[in-house]
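Chemist: Assembling the complex is the task here: the two chains are given apart, and the hints tell you how they should meet.
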Amino acid sequence: MAVKVIIPTPLRAYAGKQESVELQAGTVGEALNALTTKFSELKKHLYADDGRLRSFVNVYVNDEDIRYLQKDQTRVREGDIISIVPSIAGGARI
Amino acid sequence: MATKTGVTPAPPAGNPPVTLSKEEVLRYSRHLIMPEVGMEGQLKLKAAKVLCIGTGGLGAPLGLYLAAAGVGRIGLVDFDSVDLTNLQRQILFSTTDVGRPKIEAAADRLRAMNPDIQIDTFETQLTSANALEILKDYDIIVDGTDNFPTRYLVNDASVLLGKPNVYGSIFRFEGQVTVFGAPGGPCYRCLYPEPPPPGLVPSCAEGGVLGVLPGIVGAIQAAETLKLAIGKGEPLIGRLLLFDALAMRFRELKLRKNPGCPVCGEHPTVTKLIDYAEFCGIRGEEAPAAQTNVPEITPRELKARLDRGDDLFILDVREPHEYQICNLGGHLIPLGDLSRRVSELDSSREIVAHCRSGKRSAEAVEFLRQAGFRKALSLKGGILAWSDEVDPKVPKY
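If you read the protein sequences in the order shown, they are chains A and B.
Here the numbering used here is used: position 64 in the first sequence is 64, and no number is missing along the way.
Here the numbering used here is used: position 22 in the second sequence is 22, and no number is missing along the way.
Hints are computed from structural coordinates only; laboratory data are not their basis.
Predicted model only: the values in this text are computed from it and were never measured.
Hints are supplied without guarantee of correctness; some may be wrong.
Stated by the list, open to error - Capping the alpha-carbon separation at 27 Å, the derived lysine-lysine pairs in DSS-like fashion look like this: (1) Lys4/A x Lys254/B; (2) Lys257/B x Lys71/A; (3) Lys43/A x Lys254/B; (4) Lys227/B x Lys257/B; (5) Lys49/B x Lys22/B; (6) Lys396/B x Lys17/A; (7) Lys303/B x Lys375/B; (8) Lys303/B x Lys396/B; (9) Lys359/B x Lys44/A.
Said to hold, decoys possible - Which chain A residues stay away from chain B? Per the calculated CB distances, all over 12 Å, these: (10) Met1; (11) Thr9; (12) Leu23; (13) Ala25; (14) Gly26; (15) Gly29; (16) Asn33; (17) Thr36; (18) Lys44; (19) Asn58; (20) Asp72; (21) Gly90.
Virtual Cβ for every residue (Gly too), placed ideally from N, Cα, C.
Chain B extracted, bound-state conformation (with noise of 0.2 Å):
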């Protein structure tokens, strides 16, 4: 794999205590004036290492806070570029960066707020073959990514070398955070052994987020690396906070070390990086595109028949808030509410069922069909097809 690194070597062994220069005192000044971090806590920040593992939603706030407060070292790991649908919530990233590898914005961005750190940059996606070498010149890990593989990847290699890993992951208006992998602490096996079936829990792609979500999120993650790093309060360790966004709720849940963990348990089963996407039941590098049996329609398929004047019954099966977005003026039913209503339809006719992708309209013409409604089609690629290939006034989301 091309990783194209922009790590400075680290100073030779028995370097010159860290010292602030006296910008750096005014800088740091209001730190300085509070005993809790004070000149000790300052140098201690000077001298940390963190890695942010991805810098989109929770990186952003995260790399920021970090690079504000004067950690003396930030790596970046990051292998994606920036794409409009991210400005909503990755404040790393204004409008001209659209197009530009994430790494590169976020470390002109970090290095144009503090000059006087050290950014290294890691352009790859993290893998069991990369984790441990890039992982291990840090002291504290941020988990700052968007999928299981990886989350599972991060938290065996901090266990295996030893490092704590501020965790943190959201999705529509729900936080969860932690500290797992301190010494005597839980991981992320100790709390979820597994990770679920892919398909079975919705992604924030699917489901959505509120863009000051991660932000909050990735804040209070920022606010317990600076801890551990100054070894200062009570870090989240053994505890989960949960935010609730819409009722504006912290709740926090105890966490146990699980004495039969397979990686930081008495016994450990895992004592090497395994391969992730494996574990987590996904093949190849793509998501499993739903392999559906339903009968397809392609847009342009559909388009030539409606010209053409064939009677065709468009059902819709997203939610309301998704009609308003844009639509075919179909008949809405939800897909979740189809066999409540499904008398609203006509078995005779045919029905082209569509979404947004095509997933929910082929559930919804298995249904169908099952039920008797034998000229029930799906149609391919859903409304973000239509949008490509027949109507591009039709937006995307």
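Excised from the complex, chain A in its bound form (with noise of 0.2 Å):
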């Protein structure tokens, strides 16, 4: 299934610049396979050092939150968009 991962700012460093990548997979974590594939930067930024998307980072399959539905198993369908959602604080140099 071609879907596209809208990628956030803070992250787009990592992903060749990137404001959103199309990509061929079936769940979820097949598409963020895909993506840390072609972006090896992104994988720290995403997963902790145990392979676990990080807990400050979100992903979503159109509206809908990952963690209540599959996770990473969450199937995909044509067209559908993934979004990574970091949390963003503001202006302090923290």
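Modeler: Next comes the structure, spelled out in structure tokens:
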């Protein structure tokens, strides 16, 4: 299935400065895998060392949070939009 | 901690019913003629008590619109002073306010805009020790802060006190807005159980922010606050509004209350405020000054050696748009391109890498040393320190 992954501004630097990437995948996990294979630097920003999605990064298929679907196993359909939504805080240098 | 506050004592219980004066009727007439607000809504606004945490980019439009709309009591929390870099977006302040405490300048501006309302000022950093005390007198909390520890603190305190928390945050061209902590609705920890470790997510101070972005996001927070106060419309509860100013696109995602949430879930484990700096992995007051072990050179040493005519190769590892702001005439290879373009460098020469503050150049030197460039040095403090110590004509940004 062709799906579109929307890359949030803070992570674009690690994804060839692209706003979105079109990929072929059957599940969310496959899509993210394809994405991090293409842009290896993204991997450490999305996944912790134990291989789990970082807890300040949420992934949505269309408008649903995959934590409340089948997580990585969530199936995607042609034309679905996968959004990566990291937490952002604002101005302070921390 | 020295907490300077300017809170007028709350009126005694059994206070007279809120009414509008003849002048107030005229002032708020554009609200009064709308049935969705009307006299009933306007009186609710007058009776409303809203706490704005932060008077910066988000707090500016928020404070202005709440004051203009006639919110009867507005609390402001901030401990910062106005600096020149704030003025690009923090429209509460004027150039003449530079150096003044934000809280003072903000309160003056809001009082000038609407003398009929009460402005409470808390010139303090919100902490676990004072948050519950400060928040408890208000009906609605608005989070216009700029850092993760305070955001988790505001969230937890709001949940513990059962108050809605109108959340907004921004980065470069993107904003997020939602209402946390409403009855039955999710909280910040339902959305993000944990903050990112320091350094992994760039801040606005590093990444920049479009000046009007906090204006838009703060104005949306103001709209949500006014709706909550008058009890009308569909608040952003359980919905995360994403805004991209560059694409000029709004999107909406569903937010769910997490039954396992440590603060608002079925079996909460966080039942009082904690140490939020520790929770966010921050030790000490300041951000960890990137502990590097790479060899460094100070701006003064560099200047002396250049004046002596030493053969030094200056490598600028910033981005091209930064080079346009100011430069030391170095060879530009952005840090992200360094591994690909390393062949442009001569390992027999002494290389002095620099960036804006010294963080990226330290990474660059670490990489270069591993790649066999044994004579690579990092300019300590970057171009900022160069401006301070060697050449004040070089602008700081």
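Chemist: Please list, smallest to largest, the hint numbers that this structure does not respect.
Modeler: 11, 18, 19 and 21
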